[in-house]
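Participant: The chain contents come next:
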Amino acid sequence: LAKTTQPISMDSYEGQEVNITCSHNNIATNDYITWYQQFPSQGPRFIIQGYKTKVTNEVASLFIPADRKSSTLSLPRVSLSDTAVYYCLVGVIRPTDKLIFGTGTRLQVFP
Amino acid sequence: DVKVTQSSRYLVKRTGEKVFLECVQDMDHENMFWYRQDPGLGLRLIYFSYDVKMKEKGDIPEGYSVSREKKERFSLILESASTNQTSMYLCASSLGGRDNEQFFGPGTRLTVL
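Heads up: the sequence lines are chains A and B, in that order. Quick note, the first sequence lines up with residues 48 to 158 if you use the working numbering. Quick note, the second sequence lines up with residues 20 to 132 if you use the working numbering.
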């Protein structure tokens, strides 16, 4: 079972790059790595997904080393509105007993 | 845009009551999920459905059941609510297959007294 481990919290300042790492030592061959963002009183929102190497979209990059035992979400030039909880999800939709959310990293961005 | 709606944002029930939480998605998604979210525990999957009338247990199915009679609607049922089921309940849907992009509803905060 690909249990995930993330830092509980991180602080940053506006304009800085933030990297949040998730460890998943028991990741299986078929597992994808997905990151979500959650604001208070809202459901999580999909940010990015990858399988290996690097994936980039308009809001973030995801770096996955060759052994896939960890992944790093990179947020370039954060703003106050990026203050949220970020979740790493490892697994596949089926079987769902392998779809595991981490406990999340609370990112606080200061002016 | 995908829209996932949940029947209530806040709900207060008494111990022993039967509770229905409803979730509707409007994008013809195959997969639907029910999670609960508790401080320090993150999101935990209760049940998953990959098709009408089909379901799979998640991490914590005890004390819950689900119903999916129509593709767009997924119901979570607490047969006899207990105080330890006080939580935030989140519904999600995804397109299908191996796609992990789930779209979440706003959540229902359930308090069981």
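The hints are simulated quantities; they were obtained by calculation from the structure and are not laboratory data. Idealized CB from N, CA, C, for every residue including glycine. Please note that a few of the clues may not be correct.
What the hints assert, rightly or not - Have a look at the derived ranges for each label pair, beta carbon to beta carbon: (1) A75(A) to R63(B): 17 to 25 angstroms; (2) V31(B) to Q63(A): 23 to 31 angstroms; (3) M107(B) to T100(A): 33 to 41 angstroms; (4) N103(B) to A75(A): 26 to 34 angstroms; (5) T130(A) to G59(B): 36 to 44 angstroms; (6) F157(A) to E41(B): 38 to 46 angstroms; (7) D114(A) to E41(B): 42 to 50 angstroms; (8) T130(B) to Q63(A): 22 to 30 angstroms.
Stated by the list, open to error - Over 10 angstroms on every C-beta distance to chain B, these chain A residues come out as not near it, computed from the model: (9) I67; (10) T68; (11) V106.
Participant: Confirm or reject each hint.
Facilitator: Against the structure, the hints:
In this structure, A75(A) and R63(B) meet the distance hint of 17 to 25 angstroms, their C-beta atoms being roughly 20 angstroms apart. Here the CB-CB span from V31(B) to Q63(A) is close to 42 angstroms, at odds with the stated 23 to 31 angstroms. Between M107(B) and T100(A) the C-beta distance comes to about 35 angstroms, which sits within the given range of 33 to 41 angstroms. Remark: the range hint 26 to 34 angstroms for N103(B) to A75(A) is upheld by a beta-carbon distance near 31 angstroms.
For T130(A) paired with G59(B), a C-beta distance near 19 angstroms fails the hint of 36 to 44 angstroms. One distance hint, 38 to 46 angstroms for the beta-carbon pair F157(A) and E41(B), holds here, with the actual separation near 40 angstroms. For the pair D114(A) and E41(B), the supplied restraint of 42 to 50 angstroms holds, since their beta-carbon distance comes to about 43 angstroms. As the Cβ distance of T130(B) to Q63(A) is approximately 39 angstroms, the hint placing it in 22 to 30 angstroms is violated.
Interface exclusion of I67(A) from chain B stands, the closest Cβ pair being 14 angstroms apart, more than 10 angstroms. Separation of T68(A) from chain B is adequate, the least Cβ-Cβ distance of about 16 angstroms exceeding the 10 angstroms criterion. Taking the minimum C-beta to C-beta distance to chain B, about 14 angstroms, the non-interface status of V106(A) holds against the 10 angstroms cut.
Checked against the numbered hints listed earlier, the structure breaks hints 2, 5, 8; every other hint is satisfied.
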